[in-house]
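Work out the full structure: start from the sequences and follow the hints.
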Amino acid sequence: MTKRKSSFYQRVVKTSSSHEFSLIVLIAIALLLRLLWIAYTDFTYEDAFITFRYARQIAEGNGFVYNPGERVYGTTTPLFTLLLTGWLLIPGAEAVTGARLLGLVSAIGTLILLLWTLRRIGTTQFQQLLLIIFIGFSSKFWIMDTGGMEMPLVIFLLSASWYAYVKNKLGWTGVLSGLLLWARVDLLLWPIVLCLMEIFSNSKNALKIAWPTALVYLPWVIFSALYFGSPMPHTITAKWVAYTQLNQDPYLSHLFVFVKWLNPLQIPGQLEVVGILIAFCVVGIAAWQASRIYKQKQLAVLPLFVFLETIKIVLSRATIFSRYFAPAMWAVLILFSLGLGSLLIQLRPVGSRSLFWRSFWALAFLTLFLGLGFRSAERTRITQLYRNEGALKPAGLWLREHSDPGARIQLEPLGYIGYYSERIMIDEVGLVTPQMVELKSQGVLDLDQYLELFQPDYVLIHCDDSLRIQEADNDHVLTTQYVEASSFNPRDFDPGNPGVGPDFDNLGRSSCYEIWGRIEDGSP
Numbered sequence: 057m058t059k060r061k062s063s064f065y066q067r068v069v070k071t072s073s074s075h076e077f078s079l080i081v082l083i084a085i086a087l088l089l090r091l092l093w094i095a096y097t098d099f100t101y102e103d104a105f106i107t108f109r110y111a112r113q114i115a116e117g118n119g120f121v122y123n124p125g126e127r128v129y130g131t132t133t134p135l136f137t138l139l140l141t142g143w144l145l146i147p148g149a150e151a152v153t154g155a156r157l158l159g160l161v162s163a164i165g166t167l168i169l170l171l172w173t174l175r176r177i178g179t180t181q182f183q184q185l186l187l188i189i190f191i192g193f194s195s196k197f198w199i200m201d202t203g204g205m206e207m208p209l210v211i212f213l214l215s216a217s218w219y220a221y222v223k224n225k226l227g228w229t230g231v232l233s234g235l236l237l238w239a240r241v242d243l244l245l246w247p248i249v250l251c252l253m254e255i256f257s258n259s260k261n262a263l264k265i266a267w268p269t270a271l272v273y274l275p276w277v278i279f280s281a282l283y284f285g286s287p288m289p290h291t292i293t294a295k296w297v298a299y300t301q302l303n304q305d306p307y308l309s310h311l312f313v314f315v316k317w318l319n320p321l322q323i324p325g326q327l328e329v330v331g332i333l334i335a336f337c338v339v340g341i342a343a344w345q346a347s348r349i350y351k352q353k354q355l356a357v358l359p360l361f362v363f364l365e366t367i368k369i370v371l372s373r374a375t376i377f378s379r380y381f382a383p384a385m386w387a388v389l390i391l392f393s394l395g396l397g398s399l400l401i402q403l404r405p406v407g408s409r410s411l412f413w414r415s416f417w418a419l420a421f422l423t424l425f426l427g428l429g430f431r432s433a434e435r436t437r438i439t440q441l442y443r444n445e446g447a448l449k450p451a452g453l454w455l456r457e458h459s460d461p462g463a464r465i466q467l468e469p470l471g472y473i474g475y476y477s478e479r480i481m482i483d484e485v486g487l488v489t490p491q492m493v494e495l496k497s498q499g500v501l502d503l504d505q506y507l508e509l510f511q512p513d514y515v516l517i518h519c520d521d522s523l524r525i526q527e528a529d530n531d532h533v534l535t536t537q538y539v540e541a542s543s544f545n546p547r548d549f550d551p552g553n554p555g556v557g558p559d560f561d562n563l564g565r566s567s568c569y570e571i572w573g574r575i576e577d578g579s580p
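So the numbering used here is basically just the index in the sequence shown, starting at one, shifted up by 56.
Simulated from the structure, these hints should not be mistaken for lab results.
As the structure is a prediction and not an experimental result, all values here were calculated from the model.
One thing to keep in mind: the hints can contain errors.
Dumping the calculated DSS-like pairs for lysine-lysine here, alpha-carbon to alpha-carbon at most 25 Å [to be verified]:
#, residue 1, residue 2
1, K316, K260
2, K353, K260
3, K223, K353
4, K351, K260
5, K496, K368
Across the chosen pairs, the derived CB separations fall in these ranges [what the hints assert, rightly or not]:
#, residue 1, residue 2, range
6, Y96, G148, 24 to 30 Å
7, L424, Q491, 46 to 52 Å
8, A270, R456, 39 to 45 Å
9, A149, Y96, 41 to 47 Å
10, E576, P324, 48 to 54 Å
11, F77, Y299, 45 to 51 Å
12, E76, T423, 21 to 27 Å
13, G499, I292, 19 to 25 Å
14, N530, Y96, 34 to 40 Å
15, Q491, R456, 20 to 26 Å
16, S543, F77, 52 to 58 Å
17, G285, L424, 48 to 54 Å
Ideal Cβ positions, reconstructed from N, Cα and C, are used throughout, including at glycine.
Written out as C-alpha cells, the structure is:
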C-alpha cells in the first residue's frame, strides 16, 4: 500500500513538473517570437509616434502638449505617456525602444498572470496550455505587443486586476482598475462589471472596488480638467467627427467586423471565408463556456465584459481601428481556451492516452499559429518598409531639414512625420487641432477651405489626390498658392494608373506622398 502511494505521488510530481516545464518553455518561446518579430518587421504603429511626441515634450520640459503652447488632450493613454517620459529622461534613451520594452514586459507579465489566475480558479493543465498558445502565439498579439502602442499595458492591467479579483483582494482590484483607466479611460466598463458582480452578492464588496478605482484615477481627472479644460480625451471627439458621424453602415455590419476579428489567427485574404468560420467557432465555443460558468462570478465577469464591450463598440461604430477590439478578444480567448480544452478532452478517442491526445492538439495549434504568423510577418514588414520607413519617416526628416523651426505643417498621417519633423502640426483628423474638429462639425470637409483658413507653410498630400486637384481645378488653393517641394514614392506608384479592384495598389497609394510649400516668403 505504501509503495502504491509513493508511486502515485511520484507520477503526480513528475506530471506536474513536466507541465511546469512545458509552460515555461512556451512562455520563453512567446518572448522569443516577439523579439524575432521586431528583428524582422521593425514595425511601429503610426499612432504610436503621437504618444512618443507627447512624452518627448514632457521630458524636454515643454509640458503635456503636442504642439508647443497648445494644451490639447490628444492622447488617450496618460499612464503609458508618463512611463515613456520617465524612460526618455535616461541619457541616450529612445522612444521606440522604451515602448517596445514596456510592451514585451507587459506581454510576458500577462501570460504569467493569466496562468496564475487559471490555476487559482482550478482549471485543467490542458486549458492553461491552450490559453498560453492562443495568446502567446497569435500574431495579432505579436504586432500589438511590439508595435509601440499602449495596448499590451492595458491587457496586462486587465489581467492583473482580474487576478486580484479572483484572489479576493478587492482593494488591489480597485487600485489596478484605476491604473487601467490611466492607461485607457474607455476601459471604464471593466471596473463597472467587477462592481456589478459584487453588488448582487455583497454591496460592501462593490464599494471596496469602486473607491480605490475612483481615488487612483481622480488625480488625473483633476489635472486634465484644470490643464486641458476637460477630463475627456480630445481624441474621442476628433475620431467621432472624422470617422464615425458620417458612417451610416448598419449596426450589424459593425458587429460582423468585430466578430470577424476575434479569430486569433491571421488568415490570408484569399481564405477570408475560412477566417470568418473560425471566428464564429471561437465566439460560439466561448459563448458555450460562458453558459457553463455563469454562476461562478470570478469567471462570469468575462462574458459580461465582452457583452458590454461589444455593445459599446457596435453602437459607437468604433470598428475602424481593430486594436480597440483587443480587450474583448482577451476575454473571449480565455473563455474559448477553457471551452475548447473541455471539448477536446471529452472527444478523446477511447483507449488513447491523455498525454498523447493533449500533446497532439498542442503541437497542431502551435504549427498553425507559427505558419500563419510568419505570413503575417512578411506583410507587416513590407508595410513598415515602404509606408513607414520609405515615405512617412523620410517626409518628417525632410521637413526638419528644409523648413523653419516655426513652420506649420498640414497633414493627415500625424505620427511619424510629426515626431521626426519637430514642427507645428495641423492634423486633418483633428487629434491635436481642435479647430479642425469644429470645422468638420460644421460640414467643412474640403482641402481647399482648410488651406484657406489655416494658411499652413507646408501641406502633405497623397500623390493621386494632388494629381486629381491639378487636373480638375486650376483655381484650387493648392495649385495657386503652393508649389510641390518634394515627393516620396518608394513603390513607384502611378497615380494616373493605380489599378482597379483587386489590382489596385493600396500599399503603393498609402506610401506615395507629396510635400507642397507656400509660394511666399521662405517658400522652397
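Hints, verified against the model:
1. The straight-line distance between the Cα atoms of K316 and K260 is roughly 39 Å, outside the 25 Å bound, and the hint therefore fails.
2. Proposed proximity of K353 and K260 is supported: the alpha carbons are some 16 Å apart, at most 25 Å.
3. Simply put, K223 and K353 have alpha-carbon atoms about 12 Å apart, close enough for the 25 Å limit, and the pair holds.
4. Restraint check: the Cα-Cα separation between K351 and K260 comes to about 20 Å, which is no more than 25 Å; the hinted pair holds.
5. Simply put, K496 and K368 have alpha-carbon atoms about 24 Å apart, close enough for the 25 Å limit, and the pair holds.
6. A C-beta distance of roughly 25 Å is found between Y96 and G148, which places it inside the suggested range of 24 to 30 Å.
7. Look at L424 against Q491: about 49 Å separates their beta carbons, and that is inside 46 to 52 Å.
8. Distance hint for A270 and R456: a CB-CB separation of about 43 Å, consistent with the stated range 39 to 45 Å.
9. Under the hint 41 to 47 Å, the C-beta atoms of A149 and Y96, about 24 Å apart, miss the expected range.
10. In this structure, E576 and P324 meet the distance hint of 48 to 54 Å, their C-beta atoms being roughly 50 Å apart.
11. Checking the proposed 45 to 51 Å range against F77 and Y299 shows it holds: the Cβ atoms sit about 47 Å from each other.
12. At roughly 23 Å, the beta carbons of E76 and T423 sit within the given window of 21 to 27 Å.
13. Our hint of 19 to 25 Å for G499 and I292 holds, since their Cβ atoms are close to 20 Å apart.
14. The beta-carbon spacing between N530 and Y96, approximately 47 Å, falls outside the hinted interval of 34 to 40 Å.
15. At roughly 24 Å, the beta carbons of Q491 and R456 sit within the given window of 20 to 26 Å.
16. Remark: the range hint 52 to 58 Å for S543 to F77 is upheld by a beta-carbon distance near 56 Å.
17. The hint said 48 to 54 Å for the Cβ distance between G285 and L424, and at roughly 50 Å that hint holds.
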